[in-house]
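If you're matching them up, the sequences are chains A and B in order.
Each residue of the first sequence is one higher than the last, beginning at 1 in this note's numbering.
Each residue of the second sequence is one higher than the last, beginning at 1 in this note's numbering.
Hints are supplied without guarantee of correctness; some may be wrong.
Said to hold, decoys possible - Computed spacing ranges between beta-carbons, pair by pair:
1. P216(A) with D144(B): 47 to 53 Å
2. T124(B) with P208(A): 38 to 44 Å
3. R22(A) with H18(B): 48 to 54 Å
4. P185(B) with K30(A): 45 to 51 Å
5. F205(A) with E141(B): 36 to 42 Å
6. K244(B) with L17(A): 51 to 57 Å
Read the hints as simulated data drawn from the structure, not as lab findings.
Given the structure is predicted, the values throughout are model-derived calculations rather than measurements.
Using N, Cα and C, we set each Cβ at its ideal position, and we do this for glycine too.
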Amino acid sequence: MNSDQAKTAYIFTAESLRKKFRFSEFFAEKLITSVAFLSIAVIILIFFFVFRESLPAFKGKPKATTENKVSAGNKPESYGSSEPATAEQKPETYSGEEKVTTEKKPETYTGAEPTAANKPETNGADKDTSVSADEVNPDASLRPSAKAENEGSLGSLFGSEWFPVSENPRYGMIPLFVGTFKVTLIAILFAAPIAILAALFSSSFASPWLREWIKPAIELLAGFPSVVIGFFALMVMATFFQNLFGYETRLNSFVGGIAMALAAIPIIFTITEDALTAIPATYKEASLALGASKWQTAVFVTLPAATPGIFAAVLLGVGRVFGETMIALMATGNAALSGLNPFESVRTLAATIGAEMAEVVFGDMHYGILFLIGSLLFVFNFSINAIAEFYIKGKLIKKIQGR
Amino acid sequence: MNKIMKEVKIVTKDLTLHYGQKMALNSINIQIPEKEVTAFIGPSGCGKSTFLRCLNRMNDLIPSVKITGEIRIDDLDIYQKKIDVVNLRKKIGMVFQKSNPFAKSIFENIAYGPRINGINDKKTLTEIVERSLKNAAIWGEVKDRLQDSALGLSGGQQQRLCIARTLAVEPEIILMDEPASALDPISTGKIEELIFELKKDYTIVIVTHNMQQAARVSDHTAFFYLGELIEHGRTRKIFTTPDKKQTEEYITGRFG
Numbered sequence: 001m002n003s004d005q006a007k008t009a010y011i012f013t014a015e016s017l018r019k020k021f022r023f024s025e026f027f028a029e030k031l032i033t034s035v036a037f038l039s040i041a042v043i044i045l046i047f048f049f050v051f052r053e054s055l056p057a058f059k060g061k062p063k064a065t066t067e068n069k070v071s072a073g074n075k076p077e078s079y080g081s082s083e084p085a086t087a088e089q090k091p092e093t094y095s096g097e098e099k100v101t102t103e104k105k106p107e108t109y110t111g112a113e114p115t116a117a118n119k120p121e122t123n124g125a126d127k128d129t130s131v132s133a134d135e136v137n138p139d140a141s142l143r144p145s146a147k148a149e150n151e152g153s154l155g156s157l158f159g160s161e162w163f164p165v166s167e168n169p170r171y172g173m174i175p176l177f178v179g180t181f182k183v184t185l186i187a188i189l190f191a192a193p194i195a196i197l198a199a200l201f202s203s204s205f206a207s208p209w210l211r212e213w214i215k216p217a218i219e220l221l222a223g224f225p226s227v228v229i230g231f232f233a234l235m236v237m238a239t240f241f242q243n244l245f246g247y248e249t250r251l252n253s254f255v256g257g258i259a260m261a262l263a264a265i266p267i268i269f270t271i272t273e274d275a276l277t278a279i280p281a282t283y284k285e286a287s288l289a290l291g292a293s294k295w296q297t298a299v300f301v302t303l304p305a306a307t308p309g310i311f312a313a314v315l316l317g318v319g320r321v322f323g324e325t326m327i328a329l330m331a332t333g334n335a336a337l338s339g340l341n342p343f344e345s346v347r348t349l350a351a352t353i354g355a356e357m358a359e360v361v362f363g364d365m366h367y368g369i370l371f372l373i374g375s376l377l378f379v380f381n382f383s384i385n386a387i388a389e390f391y392i393k394g395k396l397i398k399k400i401q402g403r
Numbered sequence: 001m002n003k004i005m006k007e008v009k010i011v012t013k014d015l016t017l018h019y020g021q022k023m024a025l026n027s028i029n030i031q032i033p034e035k036e037v038t039a040f041i042g043p044s045g046c047g048k049s050t051f052l053r054c055l056n057r058m059n060d061l062i063p064s065v066k067i068t069g070e071i072r073i074d075d076l077d078i079y080q081k082k083i084d085v086v087n088l089r090k091k092i093g094m095v096f097q098k099s100n101p102f103a104k105s106i107f108e109n110i111a112y113g114p115r116i117n118g119i120n121d122k123k124t125l126t127e128i129v130e131r132s133l134k135n136a137a138i139w140g141e142v143k144d145r146l147q148d149s150a151l152g153l154s155g156g157q158q159q160r161l162c163i164a165r166t167l168a169v170e171p172e173i174i175l176m177d178e179p180a181s182a183l184d185p186i187s188t189g190k191i192e193e194l195i196f197e198l199k200k201d202y203t204i205v206i207v208t209h210n211m212q213q214a215a216r217v218s219d220h221t222a223f224f225y226l227g228e229l230i231e232h233g234r235t236r237k238i239f240t241t242p243d244k245k246q247t248e249e250y251i252t253g254r255f256g
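Same shape as in the complex, but just chain A (with noise of 0.2 Å):
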């Protein structure tokens, strides 16, 4: 009986193949796919809603305040958009002595000149009704604002001025990029190769033990938060780094590099090591029994073997740089220059999203030209790795291990 059940249970009939419907396998199946096409559509529409937000700064409309001030003045006013025009006239100055000398109307926050008291603007708008006022015609003052009306505003993003808040706002991001790309470099220039030597030291030369207390410690920094690292970058290193160097500002790129490599530090380590824990162990062996020794398999078998995991590390390394904000915002200094001297200060993109985005107007154009800074942030970082991955990466790979 019991054997004839066996037999009948593996006979081939259609009734015992056929297909049957396994409910929480759909399920599963299902589930999984719905959650990963959900986070990744929760990421393209947190794009898309960065980039709308940014849309107030293509469409160079004054905010609504202001267009009251319009209406209550007889000027056209407005906040952020018609001054430009202006801009050669009135270059923004804050220690601007010499300037307050050679210009007829140096901009100023006490607003002491307005002669015009019977203003209802007072809030900067004084300054440029003056301006129009010197012009001998008024069509003249309002044309070359009509037209910065449209372009003046975005014209001014390829500026190397950033001054947002001014009466007389420009929002060149130059000086915003350049300041992102030094800092981004000065700290993966120190990253890196410590990250990628510490990997090497313990994936291949430390004893097991140690390799057991190195990595796990290593990677406990990588959860460090980087507000206690800008502190001390802050207090700290930039103290010191001006002792050590002489140099004039206390904060300034090389700091916030600095400190920022040691953010990136713990991540390109522990990608790093993996990718040389990884190379196979044929590998080393191979290379010993040539008669190499520890360091010429590390140095020339090892790491080139796990250059496409170590390319892949720094590139999370610059990812982690190009955003980071916090350190940025405490040991950069934060002036908006954009000279190359690594000594001098600067300010990154995130940090100008972390630092204006609680004193922007909803809305207004500043808010719009901060969201525009966050697509590119993200845009930047992404066309960083696509390129490095598809192009360089190849590139690299085809060098090293050959074609």
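Chain B: place on chain A using the hints.
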């Protein structure tokens, strides 16, 4: 063991090896002749690969290994403290079971050995590469693509490349750890022909699972079982009239 041999190259005396507490080799005494092929046969886990790796001190890499006894090559004890392992391994090449070319170009794979020995002259390197590849009977197949990645070669080609790589550092002894076990019969045949050619210049020790292979390529055969050397002698004798019953049973396929 008074056998008629050529010059004896390697002699071991009471070689015993422990992995931690476990004994893997139990007092091995063997003499390996110069410029001949010696094959180690035996079932898996019998210690033949372990023994092979003792000969170029690759077991040093495993921390738990403890070795007693001595191995003498040209009457020099290679386990004495003064021996520089790196230089020792330059004289004893090794080919592994799984072909393991470096993730470099074919040229760089061969040039690696000479390079770490301080040869950087491009012309000399080119000569060495060509000679090694020719000696390993692979030159014709790869001469047009020396700059391609070695990982693009077939399994058999990779293994011959590894042999060429070993030859490039001009060793005296070549250890082969099941060099053909992952290859098809044609590639295996090529490797065996190669071994036959190489024994004119090199002392070759080969570990193999394949008894036919041992019978085909070797001059001497050693049978290992459970960490002990059961029998060692001329291949023809081992395969026709073995002294020990265990050897006969293994060779005739009754166990193993």
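Against the structure, the hints come out as follows:
Here the CB-CB span from P216(A) to D144(B) is close to 50 Å, well matched to the stated 47 to 53 Å. Taken as a hint, the range 38 to 44 Å holds for the pair T124(B) and P208(A), whose Cβ atoms sit roughly 40 Å apart. For R22(A) paired with H18(B), a C-beta distance near 52 Å keeps the hint of 48 to 54 Å intact. Distance hint check: the CB atoms of P185(B) and K30(A) are about 49 Å apart, consistent with the given range 45 to 51 Å.
Taking 36 to 42 Å as the suggested C-beta distance range, the pair F205(A) and E141(B) conforms, at roughly 38 Å. Range check, K244(B) to L17(A): Cβ separation about 55 Å, and the 51 to 57 Å hint holds.
Of the numbered hints listed earlier, not one is contradicted by the structure.
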